[in-house]
Structure formats: C-alpha cells, structure tokens
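K.L.:
Please construct the entire structure, taking both the sequences and the accompanying hints into account.
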Amino acid sequence: MAELIQIASDEDRDTFYLNMGPQHPSTHGVLRLRLHLKGERILSAEPIIGYSHRAHEKMAENRNYIQFLPNPSRVDYLSGMIYSIGYCQAIEKAIGLEVPERAEYIRVICNELNRISSHLLWFGTFLLDLGGVTPFLYCFDDREKILDLLDLVSGSRLTYCYGRFGGLVNDVTDDFLEGTARFCTAFRERLREYDRLVTQNVIFRNRTIGVGVMRPELAQQFGITGPCLRAMGMARDVRRDEPYGIYDRFEFDIPTRTASDCFDRYLVRIAEMEQSMRIVEQALAKLPDGPIMAKKIPRKIAPAKGEYYFAVESARGHFGMFIVSDGSEIPYRIHLRTPSFANLSTMRTVLPGTLLADTVSILGSIDIVLPEIDR
Amino acid sequence: MSEASGLAAALAGIASLKTAEAPDAKSGCQGLHTVGREAIVEVGRVFREAGYMLEMLTALDMRAAEQAMHVVYQFNRFGAPDRHRVRVVVPAGEAVPSLADLFGSANWYEREAFDMLGVRFDGHPYLVRILTEEGADYHPLLKDFGVAPAAAEEAAGG
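These protein sequence lines map, in sequence, to chains S and D. Taking my numbering, the leading residue of the first sequence gets 2, the next gets one more, and so forth. Taking my numbering, the leading residue of the second sequence gets 165, the next gets one more, and so forth.
Do not take every clue at face value.
Unchecked claim - Cβ-Cβ distance ranges computed for the label pairs, FRET-style: (1) D:A176 with S:H37: 40 to 48 Å; (2) D:A300 with S:R193: 21 to 29 Å; (3) D:G299 with S:N202: 43 to 51 Å; (4) D:G200 with S:I67: 17 to 25 Å; (5) S:R216 with D:E202: 29 to 37 Å; (6) S:E275 with D:Y302: 43 to 51 Å; (7) S:Q201 with D:G243: 50 to 58 Å; (8) D:A179 with S:R55: 51 to 59 Å; (9) D:A189 with S:G234: 28 to 36 Å.
Keep in mind that the hints were calculated from the coordinates and are not lab data. We treat Cβ as the ideally placed atom computed from N, Cα and C, and that holds for glycine.
P.N.:
This is the structure:
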C-alpha cells in the first residue's frame, strides 16, 4: 500500500499521487493511470499499459500466414470480425487474390453487425460507468442477438475466425439472413428507445457535455482516428477515404459533431450504429448468389518479398497492418497499428486540469479496449 | 503551389533523402523514402508543417542481413490517403533522434520500438519500457530472442 499513495514532496504536501487501476472497473480491462492530484483536480496523468500484452506480433513471426488467422480477432475482442476479415483482406491484396461477390457482401454484413455490437457494449458500459445501470441491460439484450447471429455463421461469439484467404469458411444460412433483417427492424425502434432513455437525461448531460474536450490540434499531433476524430468535426473514415472490399458500393453518411466532448463522442457512435444498419440493409438487399471461396487459392500463402500496409476502419478507428515479407510462408514481421493506442496516448494531454470524477467519463468516452492497445 | 507539390519540394531539399520510384499499389503507400538518421527530425518537421500525422512508427531487426536496424516512420494526412513511409537505417546499438517534440504520438511509438526492439531514441523525454515488465533485460521482437518450443522442436528434427 505504501506505493499506492504517496506524498509528492515536503513543499507541496497537498498534492499526491494516486494509482487508478489496473483493477478499477471503469478502466475497461487492465489500464493503470498514475494521477498526480491536487485535491480533486488532476495535475498530470500517465496511462500505464502492457498488462495484457500477449506478444501477437512475436507470434506472427513464428508461424505461417494461415496459422496467424485466429490471432487478429483476439487483438481486439470487441471488433474481432473486422480485425479478422481485415487481416484476410490484407493478405489477399498482397498476393493478388480475388474474392467472390457473395463473400464480399457477407463480409460487409458481418463487419457492420460487429461494429454495432461493439458500439452497443461501449454504450452500455459507458452508461454503467456514469451510474446508469438500466441501459446496460437493454444493450446487452440487443448485443446478444448480434452475437447469436454471428455465432450462427462463424461458430464463435467473440473471437471470430470467419474469414479465409479468398473468401469465407461457411456460407450464411437463411436463418441468419432473416434474423439479421428482423434485428434491423427491431433495433431501429430500440435506438429511439435508448435515445429517450439517455440523451435527455440531465445527469448524463451534466457529466458529459463540455467534459473531456479534445482540442482540434491533438488530431494531427496524436493521429487520433475513429469516432473520437469524427466528434472533432472531421468526417474521416477509412471506409470512405480508402475503400477496401466493396465499401465504395454502399450509401452511408459519416456522422460528425464539433464540440469534441464526451457527449459528442456518444452522439457520433449512436449515429454510426444507424449508418451501419443502413449498410447491412443495402447488403442484404443486394446479396448475390454464388460461391463463397475463390476457385484458385495458392497452396502456399507467401507474399512476394516486400512491405505491405493495409488499413481498415474498426469500431475504434484506423487499424493498420504493416506486413514485411521475405518471400517465405512465415511473415518476417507484422506490426499492428491499433487505433486505441494512439487515442489513449492523448490522455496525458487531455486529463490534466480535469476533475478526478470526470476521468471516468473521459476514459469511457474514448472507447478503449486494452488488449487492442497492448497487443 | 498545391499542398502535395509543396511537400515534394520541401522533401527534395533534404540532402540525404532518397525517394523510390513510383511505389507499387500493394505497398499501401504513395511515397517511399530513405533518409539518414541526422535528417529525420527535419523530415518530421516537413510533414508536420504540411498537416500530416505520424500514423505509425516501428522498427525491423535487419541485423542478420545488414548488421542494422531499420526504423520505419509512416506519415499520412487526414482524408484521401497520401501515405509516406520513411526508413532510417541505423547500425545496431546506435540511437536515432526522437520525434517526440514534433508529434505527441511519437512518444509512445518510440517507447514501444525501444521496448520491443531495443532501438534508442535520442532526446526522448521518458524512454522506458511500455508493454513489457519494468526491469526486463530483453527485447522480445529481436530475431534472436526466444523461439516458440514447437518451432525449436521442428528445427531439431523432432
């Protein structure tokens, strides 16, 4: 305990250091914040990470490209589908493999369902952090429906390994398609219900409006991406800026807000769920028949010697894979550029000057997933 | 002068910067450069003034082939991608100037490269391990650091 709370110095006896985490429930996993406080006011903050480092990048160097397939979804277990399919797309681009139309559409449906489930979990736990227990139960009810749908096609609830180089492992069933359509109809109504339940709530508004403002210059300084960036008024989204897969065929808006506080980050994510649903519905309507795996898949997956970079938009922002190949079947190096790593590093700048109690709203609002940061 | 040609002109003014011929679309980059380590801060400044962010920073262990480490910087702007990958080749064991004063994100990226691959960054305000435990004496992403038991077994013919 002696280490946990210490007096800073003799001259400044009213300031002290406080460790928040790594077991604090509002740190969403295992993040530790070393806060220097004067009363309730934060003087400086240093996030300390690495508690769930599982050496995914080292694992990549010890197995071939196919054996690495289950790993990406474990990097970010909340948007595992996006990571796993993103990895497939990265390798497909590197070796020049075409994916059948049907598989492309199914990938989009699953990615967007995954994005909604990730945002739902964020929404529920964010409200829980702020003291609202009810929305959490509603969100998990809806999220459960998505997990069931994705379970139906991929066989897992969180750490999906649904993509394959050249397509997908299973075709979707009619149950899945009908279930997805039903979910979309029901979820529209639920979103309105959430809005009535939360958005106008005075406690919620007081704890989020004007809290945790990220100044616009931080975007460039720290490379902020995802909903945090869009809450700064910048309509930037990898799906639009450098479309991968078939994202250029869908109509969707990029919701933005301008105040860049916790409340705006909340509104952006809510609006994104609506847009994801629009994409799912378009994809369901256009879903073609046909095979789900490319016909000719090389027996050996070995990209030509060189360096490749491929980015996708995860639920938290720009997820990039930097792949270095020496021409063999085993990657020379895979570096994963994860969005929350950059987003969380802004906390050293954003937290000083705020109140200790607001730390919970601010941390919650950037939607960190620690395993994704630690890799 | 457009933003892009202004950037190209500023980069051309850096003596040790070599730009590769039109990069392959597969590389995911619009520009590939190599620069001497003494000029990396200047390169960083050029990109920052052009409104680019430091999207990624990592290192590669190339000691087996070239007795050197490669530090890879990737700059990108917001919007339509204009991604530039800048490479600094540094003899193993030597340091690279830090970009932490220019980009907030460099602070953690450089700590990670140091932690994982042992690359030192001169002028970094707080170059300590970030992902592995304090006081560790290894850099896990170096090629000579541990091999998974299965791979070792295979190599031994088992």
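K.L.:
Now tell me, hint by hint, if it's right for this structure.
P.N.:
Cross-check of the supplied hints:
| no. | hint | in the structure |
| --- | --- | --- |
| 1 | D:A176 with S:H37: 40 to 48 Å | 45 Å, holds |
| 2 | D:A300 with S:R193: 21 to 29 Å | 52 Å, violated |
| 3 | D:G299 with S:N202: 43 to 51 Å | 47 Å, holds |
| 4 | D:G200 with S:I67: 17 to 25 Å | 39 Å, violated |
| 5 | S:R216 with D:E202: 29 to 37 Å | 32 Å, holds |
| 6 | S:E275 with D:Y302: 43 to 51 Å | 48 Å, holds |
| 7 | S:Q201 with D:G243: 50 to 58 Å | 34 Å, violated |
| 8 | D:A179 with S:R55: 51 to 59 Å | 43 Å, violated |
| 9 | D:A189 with S:G234: 28 to 36 Å | 31 Å, holds |
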